[in-house]
Amino acid sequence: MKVHVEHLTRVEGHGDIVLNAGSGKLESVQWRVTEAPRLFESFVVGRPYHQLAQITSRICGICSIGHTLASLKATEAALGVEISTQSAMLRRLALHAENLQSHILHIGYLVAPDLFGAGSVFPLIETHPAAVHNIVKLHRISNEMSDLVCGRTTHPTNLVVGGVWKVPSEKSLIEIRQKLVDCVDTFNDVARVVLANAERLPAFSRETEYVALGSEIEYALYDGAIASTDTGRHPVDDYRSVVNEFVVPQSTAKYCRHARDSYMVGALARFNLNHDKLTPLAKQWARKFGLYPVNCNPFMNNVAQVVEFGHSLEDSIALINKMLNRGLKDEARQKITPKAGHGVGAIEVPRGILFHDYTYNDKGVCAKANCVIPTNQNHGNIQKDMEAFAPTLLDRPGREIELNLEMLVRAYDPCISCSTHCMKVRFKL
Amino acid sequence: MMPAKTMGVKIKMTIDGKEYECEPNQTVLDVAGANGIPIPTLCFNPLFASHRSGSCRMCLVEVVAGGRPGLQPSCTLPVSSGLSVSTVSKQVYRARRLAVEFLVSEHTQKCRDCPASGGCTLAKFCRDYDINGVPVCSECPNQRESCLLKRGVLCMGPITYANCNAYCTRKGYRCEGCHSTLVNEDVLRFGLAAYRDAGFRAEDILEGAEVFAHDKVSILEAVMKREGML
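Respectively, the protein sequence lines represent chains C and F.
Its first residue numbered 1, the first sequence is counted upward by one per residue in my numbering.
Its first residue numbered 1001, the second sequence is counted upward by one per residue in my numbering.
Next up, chain C with everything else stripped away, as it sits in the complex (with noise of 0.2 Å):
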């Protein structure tokens, strides 16, 4: 029997599935990457320092922020720039919005077609109309959130080397909270309604490393060290040698390893490390699905997903509320000195932990790139859930192993490349 995806349909790029078995038996399970390299380290060599963030951030349409982040973050930390608590506020505030925007975009119209047993988001618009209207709802506000505080919903203009270019206005700071509490009735509904059909989720467990960032003073996403689940905690700077890449014959995508053969990132990995610092909305939703640490089952990333929807709807609020308590100041914007220099900027976004690395040379301009990006940590680890998961499979129909094959990758809510696609699944028997 052999099973062949080509190319995966609802993850972000292209990616396929081959599995091969004979009389019952397991002969190769692969998950291949097929996506050609985009070169984006090589071409921000020789840019300036100020337009780097500006180049990363097209990386990816979906996590555009992140990479924002992540790029500031190694540029300020290579020229030696401190940017203030309110500047900091305003970049947790933009972060949140785009963990809102991706979350409820992949649970909502990417996994809830499974949950559902529909082929797409379209079918559900007849029979879960109310439902897919709350997402949208949900989903809308998150980008209303982003164009506030990053200027765009993807592609920040207002977030700049040394801080912010401007800062919202209290009105609107104040408008965009009130639509945040209003929508946490309806995150309620959403939650509930993945609730009554998770158990589509299959039950399948298999122990491995997480890897996220950790810190003593908050569910880490902008900021932290290395955290993990079998060695504890690392420096930032020592980023190389937890993400270990190398290069495999069957993906144009790198893979990971570090203390196994490979290891998660993403949301239940921050789950599993961090989920004492989760808020308390979060928190019962956690208890209510029964996903407590460690759980080692890839398919409850989708669950950990929502809970932290409900994390960061929540902690937006009380950021705002952080925010307007202290007074809003208009911050001259930092005057920033060109130097020679070496930094390393970490962030968690939606699909895990994002590393950029840049060497400036003496003028600011960039000498040296690397970015290590959540989906290729997590390449090694889903092929690794392949192996264990498709012999459990081998006596169903064809269909449904090629479906819950295709659920297992769509779990790590992967973001292969970012470019809308054509897909043609074709299916051997």
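In short, the hints are calculated from the structure, not lab data.
Model, not experiment: these values are computed from the prediction.
Note that CB positions come from ideal geometry on N, CA and C, so glycine has one too.
One thing to keep in mind: the hints can contain errors.
As the list claims (entries may be wrong) - Facing chain C, a subset of chain F residues (Cβ under 7 Å, in silico):
#	residue
1	C1168
2	G1172
3	Y1173
4	E1176
5	V1211
Fit chain F to the known structure of chain C by using the hints.
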């Protein structure tokens, strides 16, 4: 209905140096059409062939000999013996281009580069005549003192292709030039003058344009040289 006295009498006229035989009641556009010589039209519709207003100015040809010299709309220009016109002269190209520019200046900018607008004649003419629009400044509400250039911010608006409704500058952020740099020299010249007045260096402008319009930097550079900025 053709007048009886001219029926069957043929006359000769020249288009782009080649002689054609035609009926005396035809127009230059008719003769060109009958002989496969392309002349663009917008307001001419073959279904209403009797109504020829000559108003869109797209069918302009240059009279070289045998008539009043200069540019004339071919849809209303009757043939006459010995008339010689050019459909491809530099003057004709410029005049047609200007006609399209006037039309699109009042036209929505949004559909211009949308692939779904493939059937639009005006969009096709924009491509044919290398018209790529107006700068972001034309949509930007920041006038005079609130212009970012006046506040010392290197905004890419003056040389960037509009149709985003000045999304960023409208909210006070600088234009990064993500819609790519304009290539129309006349428009660029205005934009560069704005930079010069505000005291920006040519090197910085080029560096900014390189991010999203690497392929057009050489054009920008050439115009800067002609303008004495480099």
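A quick look at each hint next to the structure:
1. C1168: holds, 5 Å
2. G1172: holds, 6 Å
3. Y1173: Constraint on Y1173 (chain F) satisfied, holds at 4 Å.
4. E1176: OK, holds: E1176 (chain F) within 7 Å of chain C, min 6 Å.
5. V1211: holds, 6 Å
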